[in-house]
Each structure stands twice: as structure tokens, then as C-alpha cells.
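> Given next are the chains, with one letter for each unit.
4 protein chains.
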Amino acid sequence: MEELTVGLIGMGEMGRIHAQNLATLPHVRLLAVASRREDARSAAATSLNVSRLYADYEALLEDDDVEAVVIAANTSDHAELVIAAAQAGKAIFCEKPAALTLAEMDRVLSAVRAADVPFQIGFMRRFDPPYARAKRQIEAGAIGRPVSFLGISRDPYLPAPEDKSALARGNLFLDLGIHDYDLACWLVGDQVVQVYAVGGALVYPQLRDFGDLDNAQVTLRFANGAIGSINLSRNARYGYDVRTEVLGSEGALRIGDVRQTALDLLTRDGVHYGTYPWYQERFAAAYRQELCQFVAWVQGQAEPAIAGEEGRTALAIALAATESFRTGQPVELDEGSHIKRHRIAP
Amino acid sequence: MEELTVGLIGMGEMGRIHAQNLATLPHVRLLAVASRREDARSAAATSLNVSRLYADYEALLEDDDVEAVVIAANTSDHAELVIAAAQAGKAIFCEKPAALTLAEMDRVLSAVRAADVPFQIGFMRRFDPPYARAKRQIEAGAIGRPVSFLGISRDPYLPAPEDKSALARGNLFLDLGIHDYDLACWLVGDQVVQVYAVGGALVYPQLRDFGDLDNAQVTLRFANGAIGSINLSRNARYGYDVRTEVLGSEGALRIGDVRQTALDLLTRDGVHYGTYPWYQERFAAAYRQELCQFVAWVQGQAEPAIAGEEGRTALAIALAATESFRTGQPVELDEGSHIKRHRIAP
Amino acid sequence: MEELTVGLIGMGEMGRIHAQNLATLPHVRLLAVASRREDARSAAATSLNVSRLYADYEALLEDDDVEAVVIAANTSDHAELVIAAAQAGKAIFCEKPAALTLAEMDRVLSAVRAADVPFQIGFMRRFDPPYARAKRQIEAGAIGRPVSFLGISRDPYLPAPEDKSALARGNLFLDLGIHDYDLACWLVGDQVVQVYAVGGALVYPQLRDFGDLDNAQVTLRFANGAIGSINLSRNARYGYDVRTEVLGSEGALRIGDVRQTALDLLTRDGVHYGTYPWYQERFAAAYRQELCQFVAWVQGQAEPAIAGEEGRTALAIALAATESFRTGQPVELDEGSHIKRHRIAP
Amino acid sequence: MEELTVGLIGMGEMGRIHAQNLATLPHVRLLAVASRREDARSAAATSLNVSRLYADYEALLEDDDVEAVVIAANTSDHAELVIAAAQAGKAIFCEKPAALTLAEMDRVLSAVRAADVPFQIGFMRRFDPPYARAKRQIEAGAIGRPVSFLGISRDPYLPAPEDKSALARGNLFLDLGIHDYDLACWLVGDQVVQVYAVGGALVYPQLRDFGDLDNAQVTLRFANGAIGSINLSRNARYGYDVRTEVLGSEGALRIGDVRQTALDLLTRDGVHYGTYPWYQERFAAAYRQELCQFVAWVQGQAEPAIAGEEGRTALAIALAATESFRTGQPVELDEGSHIKRHRIAP
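Residue numbers (the working numbering), protein chains in the order written: chain A, 63 to 408; chain B, 63 to 408; chain C, 63 to 408; chain D, 63 to 408.
The hints are all genuine.
If you want a taste of the chain A side facing chain D, the calculated C-beta under 7 Å gives, among others:
no. : residue
1   : Pro191
2   : Pro192
3   : Arg195
4   : Gly313
5   : Ala314
6   : Arg316
7   : Gly318
8   : Thr323
9   : Ala324
10  : Leu325
11  : Leu327
12  : Leu328
13  : Thr329
Simulated from the structure, these hints should not be mistaken for laboratory data.
Note that CB positions come from ideal geometry on N, CA and C, so glycine has one too.
With the hints as extra help, turn the sequences into a complete structure.
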């Protein structure tokens with residue numbers, strides 16, 4: 063198996079995670095990095111042996127030796143970057159979400175289809191070992207027919223206020239919730255037809271200035287009658303907390319744990335154990351595995367795992383949740399929000 | 063401390079649980095039982111040494127030696143029984159819910175107030191050791207200000223269809239959910255102003271004939287902005303499953319577990335442990351403790367733990383959830399649905 | 063089923079636990095209490111409605127209305143009391159150990175056999191729900207043939223030095239370890255042929271003055287080749303800790319947990335949960351259940367659960383462990399230390 | 063930081079684990095592999111891009127571009143290989159144990175000292191995140207003074223009988239137990255003065271032909287009086303099971319879990335979760351981290367983590383356990399078996 067030459071666009075927090083994985087994955091060569099920041103470029107050169115450093119992404123896309131790109135720039139730039147990369151004929155891995163509006167997302171999907179290039183969105187949770195196993199068990203019938211989905215996604219703290227990119231990532235429903243919408247559709251195996259959301263800026267009132275919130279509860283109704291409920295928060299002081307349950311007609315699955323390592327400290331105060339500090343630690347294996355999958359797909363060794371349209375579906379739910387939160391009413395998802403599910407295995 | 067003489071009305075499943083506890087609690091004498099069923103009466107006589115057996119409740123209420131009554135008859139008879147017991151001057155413990163409509167509940171509360179008798183509703187979960195501790199920890203500030211409540215209540219199977227009393231107990235939102243509404247208000251420490259509910263008869267379609275359902279998700283909004291979410295199901299094949307989480311501004315509490323005993327079996331198939339088969343096993347200590355509390359209150363040894371109006375609040379939420387399910391719209395709770403919370407410790 | 067009239071001898075810590083259970087068990091009447099302490103007798107009268115109060119045990123044994131006795135006096139008096147009770151024709155429940163030497167124990171067993179009265183030793187752990195289930199699972203073949211037994215028994219602190227009865231209860235190998243020897247023989251289903259012990263007064267050096275120790279490791283060899291290991295400590299600051307594992311040829315069982323209630327507190331420090339403070343909380347159900355079993359046996363409703371000879375076996379192991387600790391050598395158990403195991407179900 | 067060029071000797075199961083890590087670690091170049099098997103060499107060339115392939119280790123040691131070697135050949139060849147590598151001036155990482163007798167080990171240590179090269183033994187458990195944290199917590203005083211060590215190491219099955227190298231790896235006390243002896247000394251922070259062992263070929267009687275066994279219990283006494291107990295087995299049908307507890311004067315630590323992923327399946331049979339199938343999955347991070355540490359040491363970026371003499375200590379305990387098992391007596395460790403402990407942090 064030959065090496066796939068990859069170019070990385072963006073060297074922020076997510077970019078550095080992907081860079082580290084690309085530099086050490088088998089069958090991959092991290093050939094080029096594009097970043098506006100000089101220090102990020104030189105770090106890539108010295109610590110990861112990246113040989114081609116670009117100050118802007120256009121130059122990277124013009125590099126014919128780059129076969130595939132990993133896009134980890136600011137969320138607000140994702141759509142533009144994917145379209146340009148598709149037009150340049152690159153295979154594309156893009157962090158979630160690939161766009162901030164449905165219209166933008168439709169342009170993204172058109173560009174990808176027109177170029178006929180591989181396109182994978184960074185729904186890394188699907189590649190986390192317990193989630194991947196849960197999916198297989200559901201497909202094997204272990205819990206019967208899924209009827210109820212419960213998701214918890216809680217960040218331990220607010221993105222730093224000076225981090226402008228944080229706001230550009232979208233509100234709580236989009237930035238944090240999008241993984242849960244994707245998991246819900248994927249694990250329940252059906253499409254969402256209605257969304258209802260409540261919440262508020264209950265701990266960080268300053269978020270109201272941006273129309274954002276810190277705690278929310280999103281209710282989903284699926285076409286087949288199944289129900290879903292997603293709890294989002296940015297004040298899980300105790301650690302990064304992502305857990306999921308799927309209740310079926312014959313059993314249930316519980317996925318995820320706040321516990322980071324198998325170590326208990328027992329003292330006069332009782333038993334104590336530590337939690338995942340942040341998403342990088344919780345999903346380290348998943349971030350690595352999603353790139354393995356992408357590389358294998360591009361090299362013809364694996365089926366695609368995530369359809370681009372699934373990114374549109376999750377985005378549509380996030381926007382519907384936002385609208386429901388604003389109006390106080392349940393929001394129906396129309397037909398165009400959905401894709402026909404085709405069987406794709408992680 | 064003298065013995066309190068108690069009469070028990072109703073010897074169905076719940077009645078037998080209370081009978082067993084009343085027969086073995088200190089400071090209590092289970093003097094009388096009223097049941098229409100002859101076999102139930104003779105069982106009380108022989109296995110519990112109950113000396114006064116009544117075929118109807120009126121005779122029991124006329125027995126002047128009975129100081130307090132425990133009402134565990136059919137739910138549809140609760141209101142009538144409480145009113146009669148109040149008029150007879152008895153201290154009253156009544157299984158939840160004390161009424162099936164708000165009008166009926168108001169008559170119950172009026173009768174109790176007029177008679178000025180102790181009146182406690184069977185919200186036994188408050189007396190379960192982990193719930194009682196959680197309440198104390200919240201009051202001690204361990205998690206800061208509660209902002210999000212998550213409740214799961216799942217029965218392992220449907221009440222037998224031939225059990226007519228099951229249907230008379232109210233629908234899923236009332237019969238199963240009422241404990242969670244009470245816990246939500248009690249643990250969050252605020253009143254609910256809006257209710258939204260989705261669900262369906264997803265596993266037992268025959269429930270549709272009775273307007274009932276087997277899976278539901280209820281969303282609560284509190285006056286202070288806090289949010290709540292309650293997952294109800296009647297198809298937790300794996301066992302009786304009641305769990306609760308309260309997320310606060312500074313931490314969180316997780317209450318309850320499906321595991322019944324501290325025993326793991328490890329085989330080629332991995333690790334296996336057993337669950338609570340049903341509510342009696344899960345809440346055995348709580349059922350006992352709520353009666354201890356009631357007895358102590360009647361005997362002037364303790365403050366009241368649950369106000370009658372709290373039963374009205376939980377009922378109002380159940381009815382609002384039912385209405386929301388029917389109309390598909392969020393339902394506001396008006397002022398009259400609520401009580402001013404007064405501090406009462408379990 | 064008639065009531066069994068029971069007399070209780072001894073109202074120390076263990077006596078009060080048994081008194082509370084005897085006062086509230088069905089089919090039992092706690093008729094009499096013998097205690098040298100006047101305050102203990104009057105407490106029994108007022109809080110438990112015990113009507114016959116004796117200052118010495120002889121008077122209680124002469125009371126013909128007392129059918130059965132529960133012996134919870136100082137350990138050093140157990141043997142004398144059992145012999146006297148047997149001669150008085152009472153059914154006997156005796157706290158462990160029934161004697162402090164094998165010679166004494168043999169006299170106890172002779173007296174019981176001569177009188178042909180029921181005699182049960184307080185190995186309550188067998189009646190703890192997870193232990194009882196573990197036994198049934200082993201007998202059902204769930205783990206194949208047991209080959210390795212691991213026991214942990216740790217007290218959270220030392221008995222108070224002013225508590226003279228503590229020293230009279232025997233050293234660490236006897237007072238704390240005896241339950242584990244019994245569990246080991248019961249769960250492995252074979253007899254111990256060799257004992258080796260190490261340990262020391264590592265945390266409370268004052269124990270050396272009494273020839274006692276606070277931490278020990280006891281190794282057992284069974285006749286069939288199986289091995290056992292028991293860890294004893296008196297400085298489990300974090301709580302009362304009793305856990306057991308049995309490894310078999312086809313699987314394993316893990317029994318017990320330090321966690322007391324299903325409640326997690328999650329804060330900036332991670333996850334915290336509480337432990338059992340002391341044995342009463344951990345084995346509350348077991349203390350109750352062992353008396354139920356005893357009563358049922360005396361009343362002809364159940365088979366005996368524990369043979370008197372099993373008490374001798376556990377004592378022999380404790381004494382061998384003490385000898386091994388002193389000499390530094392493994393100690394063989396001769397034939398006379400053992401009983402032929404007969405199948406008795408809890 | 064420059065790349066360290068590494069040569070790997072041996073491409074069996076352990077060799078392949080190290081090869082995979084060396085091929086993807088930053089700052090490392092896996093330049094050469096020595097293996098007698100042609101297919102192993104060509105696999106290294108094609109899947110790991112190793113450019114220099116040697117059929118025997120002498121050629122690899124003569125390659126001046128190889129700065130460090132990782133020795134993962136048959137255990138019986140370790141000593142010879144380390145000595146040769148030291149004489150060739152290479153930095154040396156060697157799988158445990160580095161020798162099968164103390165005399166051999168002394169020659170190894172002399173050779174390493176004479177050559178003054180870095181030498182690290184593959185006690186990977188020290189680098190497993192929960193073990194590394196536990197060590198830091200003990201050093202920070204979290205549990206007071208360690209007084210009792212409990213170790214469990216259980217393999218799920220016997221090495222295949224046709225695997226001759228399995229027998230050459232040493233018996234149960236050496237091959238499986240050596241990690242626990244090292245952990246015990248490292249975590250308790252003292253030296254072992256006495257060893258006692260019992261056990262047998264209880265599940266695989268064919269092991270008796272090789273003087274080997276499948277279940278054992280090893281008791282340790284430390285110079286400061288602390289005690290240790292290690293349970294070894296090769297029939298943990300339920301999975302790979304490595305757990306450790308350290309009880310201190312003020313608290314305790316529990317390390318490790320059989321659970322592999324945070325996924326519960328809940329069905330009519332209760333709750334089920336999966337276990338680690340084998341050591342590679344359990345210690346994947348540790349195998350990677352120990353090489354990171356070795357590389358950092360060789361490159362002058364870190365202190366040595368494990369002294370060569372610590373490998374001798376663990377070997378001495380394994381041999382003493384074997385002797386104790388044969389003789390049935392406790393075995394004293396003489397002075398020469400030990401090293402003066404110097405503080406080295408992982």
C-alpha cells in the first residue's frame with residue numbers, strides 16, 4: 063500500500079490534533095501544511111518534519127503532490143475551503159460542521175458531487191471504540207428496534223471569550239450538539255422529523271449578548287415514532303462528559319463514561335476517581351481512527367463511512383433546534399433536510 | 063414513645079408492601095385492614111397478626127382505635143378515601159397520586175385542611191438513601207445552583223392487560239412519571255412553568271386503544287430558567303431502571319443504578335451483573351422509611367416531609383404532559399398549579 | 063406459623079443489632095434479655111417492649127418460656143454460655159466464634175450433640191445477598207471448579223483501646239479473619255490442609271503489647287490443590303471493606319463493594335462516592351436473614367444452614383494462622399481439624 | 063531534537079508490538095530489523111518501511127548507524143544479546159526478563175556497566191497511565207505509608223503448547239509474575255526480604271511435565287514489615303486481568319480494571335460488558351510510552367526510569383518463589399539480591 067500525501071489546512075487546536083495523527087499514521091505522509099501563522103508553520107516543520115509550508119491555503123491546493131486535504135480551519139471558512147479543494151480535485155476530510163447554513167451546505171455538496179472526490183466530515187465519535195461497537199450491536203439486533211435515544215454532551219468550561227473563533231464555531235446547538243444529532247440518526251437508524259429545544263444562558267449570562275446559551279435540552283422525534291433527547295451544557299465543572307444511551311424494544315446500550323483511567327483513590331473522604339479533562343483525551347483514539355478510515359477510503363481499501371449528506375442532516379437539526387429555542391415552538395424538518403440513508407459501515 | 067395504631071385500606075401489590083412494613087416497624091401497630099377480598103383479609107390475619115378485618119373501608123374509618131390510615135386502594139378511589147379519612151379525623155398516608163384530576167385534588171386538599179390532619183403522599187423516592195443524601199448535598203451547596211435535571215424511569219414490562227387497575231392508575235405520564243416530576247421540583251428547588259412531551263406506543267401498540275403510550279420524553283422549564291428532561295419507558299427488558307442526574311453551576315450528582323447486588327460473574331462472554339427486577343426491590347428501604355417518617359410526624363417527633371400541595375404540583379405536570387402529547391404543543395402551567403415551596407426536610 | 067420466643071444474652075454492640083432484628087422479625091417474639099448492665103436492660107424494655115429482663119444469663123436459661131437463645135455476650139464467655147444453653151434444652155444461635163480454643167470448641171460441640179438442639183454460628187456473610195447468590199452460582203457450575211479464593215476484610219479503624227472486650231475477641235486472625243476462612247471453605251467446597259501467615263503491627267504499634275497485629279496476609283492450601291489468600295487490615299481509613307473473589311476453571315465471581323449508595327458527586331476534583339462506614343451498614347440484611355434462617359430451622363421450616371463443625375474448622379484455621387505468624391512456618395491442619403462437608407444450603 | 067536510529071532484534075509477538083510503535087513514534091527511526099525468519103523481515107520492509115534487514119543479530123549490532131537496539135527475541139537469548147549489544151556500544155532496551163538466572167543477570171549488569179550504555183528493561187506497566195499516576199500519588203503522600211500490596215495477574219489462556227518459546231519464557235512465577243514483583247517493590251518503595259509461594263497445575267495438568275503451574279499465590283515480606291500478595295493464573299477465561307491495590311496507613315489505591323470499553327449491553331439477562339482480550343490491548347499505551355521514555359533518556363531528555371538492578375531484584379523474587387513452591391518453605395532473600403533503591407521517576 064502506497065503512502066497517501068496529505069496537506070493540512072489550519073493549525074489551531076483541532077489542526078494540531080490532526081497533524082499529530084497524520085505524522086504518525088501508517089500509509090500517510092503529511093507533506094504540506096497551510097497556516098497564516100508563521101509560528102504554527104515552523105512548529106510543523108521542526109516537530110513533524112513537514113516539508114512544504116504555505117501561508118495560504120490556495121497555494122497548498124495548487125500543490126499537485128497533495129492528494130488529500132484535511133480541513134481544520136475556522137468553522138466559518140469550512141464551506142469555502144471544501145469547495146475550493148473539490149475544484150482542485152483533492153480528496154477532502156473536513157472538520158464538522160462543513161457549513162453554517164443549509165444553502166452553504168448545499169453548495170458544498172454540489173461541489174463535491176461535481177468533482178466526484180471523497181469527502182468525509184469529522185464525526186469522530188462514530189470511530190470511538192464503544193460507539194463503533196454499539197452500532198454493530200444494534201445492527202446485530204442486540205437491543206431489538208431502537209425506540210429512545212438519550213445523549214449527554216457537556217463541556218467542562220466555556221471557550222475563552224477572547225477566542226473569537228469560538229463564537230464563529232456556532233452556538234451551543236451547533237458547535238456542541240452536532241455530534242449528538244449525528245449519533246442519534248446513525249444509532250436510531252431513522253430520520254428526524256421534528257425538533258424542540260429549551261435552554262438558557264444559566265451560568266454564563268454574558269453569552270446572551272451573542273444569542274448563545276450554556277445549557278439546553280433538545281427533543282427529537284423520528285419518522286418511525288422513536289424519540290430522542292439531548293442534554294447540552296458548558297458547565298460540567300467535573301470534566302468532559304459525553305454519554306449516550308439507546309433503549310430498544312429488547313434491551314439497551316450505554317456508551318461512554320466520565321472516568322478517564324482505572325484508578326481509584328480511597329481516603330477518609332470515600333472513593334475518588336478522575337475524569338476526562340477535555341475532548342482530546344476522551345476521543346484520542348477516535349480522531350486517529352477517523353483519519354485511518356478516510357485514508358483507507360481514498361486508497362480504495364474501505365467503503366465510505368459517512369456520507370456528505372449526513373453532515374447536512376445534522377446541520378439541519380442544529381438550525382431547527384436554534385429556531386425552536388427562539389420561537390418556543392416545535393419545528394418540523396421538511397423532506398429536503400434529509401437524506402436517504404445508505405448502509406455505510408465505520 | 064407509644065405505638066401508633068394504623069389501619070390499612072387496600073391489599074393489592076402496594077398494600078401488601080405497606081402491610082409488611084407496618085407489621086414490623088417499631089412504634090407501630092397494624093391493627094386493622096380493609097379489603098373487599100376475603101383471602102387478603104385472612105392472609106393479613108394469619109401472616110401479620112392483624113386482628114380487625116373489614117370488608118369495606120367505611121367500617122375501618124369508624125373504628126375509633128385506628129389513629130392513622132394508609133391508603134393503598136385503586137388509584138381511582140384515592141380521592142374519595144382521603145376525603146372520608148380526613149372527615150373521620152384520621153392521620154392519612156396515601157399512595158400517589160391522591161387524585162386523577164386537579165379539581166378532585168383540590169377537594170382532597172380542602173378536606174385535609176378542614177380536618178387539620180397529617181397527610182402524606184407516597185413519594186417514597188425522597189426517602190431512598192441516595193436521593194435523601196443528594197437532597198442534603200444540594201442544600202449544602204455541593205453542586206452550586208441546579209440548572210439541569212435528568213430523570214430516567216423505566217419499568218421492565220407492561221402491567222398485565224387483565225389488570226384493570228393498571229389502566230385506572232393513569233397513563234404513562236401520570237402513573238410512572240409522577241415520581242420524576244416530584245423529584246425534579248424537589249431537587250431543583252423551583253417550580254415548573256412549562257411542559258412539553260413527545261412519545262408513543264412504540265413497543266405495545268395495543269396501548270393506543272386506551273390513549274396510553276409506552277415511551278415518552280418530557281421536557282420541563284422551571285421559573286428560574288433551569289431545564290429538566292424525563293425519559294419514561296415500559297420496555298426496559300433488562301430490569302427496573304430509575305436514575306436521576308442534577309447538573310449544577312459547580313458540579314453534578316448522579317443518583318441510582320440498575321445494579322441490584324455487588325456480584326459480578328466473569329465468563330468467556332465478559333462480565334455480567336444483575337439488575338433490580340422491579341420497584342419493590344429497588345425501593346424496599348424507601349417504602350419502609352417513608353412510613354417511619356409518617357409515623358414520626360403523626361407522633362410529633364418529626365416535621366412533615368411532603369406537603370399535600372406537592373402532590374398537586376406533580377399531578378399538574380402529569381396532566382400538562384398529557385395535554386402536550388395530545389396537542390403537540392408546549393403547555394404553560396398557570397399559577398394555580400403551584401405551591402409556594404416551604405423548606406421541609408426528609 | 064407460631065411465634066418463636068427468644069431470649070437474648072448480651073446487649074453490647076452485636077447484642078443490640080440482634081435485638082433490633084428479633085424485635086421486628088415476623089414469627090419471633092423477643093421475650094427476654096439478659097445483661098449485667100441495668101441501662102441495657104431498661105433500654106430493651108422501653109424501646110423494644112421486652113418484658114422479661116434478667117441480670118444474669120442463668121435466670122434467662124431457667125425461663126421455660128424461652129425456646130431459643132441468641133448469644134451475643136463477650137467472646138470469651140461464648141463457650142460456657144452455649145454449653146449451659148444446650149443443657150437447658152434451648153435452641154442456640156451464637157455469635158462467632160463459639161470458642162477460643164479447639165478443646166473448648168470440642169466441649170461445645172459435644173454439649174450441643176448431647177442435647178440435640180439446633181445450634182447456628184453467626185457466619186452472617188453467607189446470608190448476604192451477593193454471597194448467597196455467588197454460592198448458588200458456583201453450585202450451578204457457573205465458574206467451573208473453584209481453584210483460587212481471594213478475600214479482603216478490612217476494618218476502618220482499631221477497636222477502642224479501652225474496650226477490653228475487643229482484646230478478648232481474639233487477635234486479627236481470629237476476630238476479623240474467621241469470616242473469610244468460613245467463606246473460603248464454603249465457596250471453594252473443600253477443606254484447608256495448610257495455612258501460612260505473615261503480618262505485623264504496622265500502623266498501631268501498641269498492638270504488639272498484646273501480641274496482636276493490624277495487617278496480615280493468610281495463605282490457604284486446600285486438599286484438592288486449590289489455593290486461597292486472605293488480606294486482613296484494621297486501617298482501611300476509607301471505610302469498611304469486605305470483598306471476595308473466586309476464580310474457577312471456567313470463570314470467576316467478584317463479591318462485594320466498598321460503595322454504600324448509588325450516589326456520585328462530580329466536582330472540579332473529579333468523581334466521589336461514599337463507602338460503608340462499618341459492618342452494621344454493610345451486613346444489615348445478612349444479620350436479619352441469618353436469624354430468619356435460624357428461626358425457620360428451629361420451627362422445622364428449613365434445613366440447617368451451618369453445621370457446628372464448620373465453626374470448629376474456621377477456628378482451627380485462625381489458630382493455625384496465628385501459629386504460622388509466630389513461627390514463620392507453614393502449619394499443616396491435621397485430620398481432626400476438619401469436618402466432612404455435608405451439603406447444606408443457605 | 064534529532065531522530066534516534068533504532069534496530070529491533072526479534073519479530074515475534076512482542077517484537078511486532080515494538081516495531082509498530084517504533085515505526086510511528088516521533089523522534090525515532092526504525093532503521094534495521096534482525097530476524098531469522100524471512101517472512102518477518104519482508105513484512106518489516108513492506109509494512110513498516112524498514113530499510114536494513116538482517117538475518118542474524120550480529121550483523122545488526124555491527125551496523126554503526128544503529129544507535130539503539132530493542133531486544134525482543136526469545137527470553138533465553140536475552141542475556142547473550144544484551145551483553146553483545148553493550149559490547150557494541152548500543153543503547154539497549156530489553157524485554158523482561160533480561161536473564162533467567164542471577165549469575166547470568168550479573169554478567170548482563172557487568173557488561174552494561176562496563177560499556178556505560180543506557181539499559182532499560184521492559185517493565186511497561188510502570189508507564190501505564192493509572193500505574194504512573196498511582197506512583198505519583200503515593201509519592202505525594204495520598205495514602206500515607208504503604209503497608210500492604212495486592213497484585214492480580216491473570217492470563218486468559220495458556221500459551222499454545224506448540225509454542226516452544228513459551229516454555230523458554232520461564233515458568234508462571236517468572237514469565238507472568240515478574241511484572242508484579244517489580245510493581246510491588248516500586249509502589250511499596252522497599253525491598254523484599256522473604257518470599258513464600260503455593261500453587262499448582264490445577265487446570266492444565268500437562269504443565270506438570272514441565273515443572274510449571276497455572277495458579278499460584280506468592281506472599282512477600284518487605285524489609286520495613288509491609289506485606290504483599292500476588293495472585294497468578296493462566297485460566298482467566300473472562301479476559302486478561304491485571305489489577306493492583308496498595309493499602310497505606312492513610313488510604314488506598316486501586317489500579318486497573320477488566321473492562322475494556324465504556325459500553326454496557328443491558329438485556330433480559332442483566333448488564334454485560336466486555337473485557338480486555340489480551341495484554342496488547344490492555345497495555346497498548348504503556349508499550350508506546352516505555353519506548354518514548356527510553357528514547358528520551360538516550361537522547362538526554364529524561365532521567366532513566368528503571369535501573370538495571372531492578373530487573374535483577376524482580377528476577378530474584380521469581381526464583382525465590384519457584385524455590386518456595388518446590389520446597390514448601392518460605393525463602394529468605396539475601397543482601398545480594400537487592401539493590402539500593404535510588405529515586406527514579408517514570
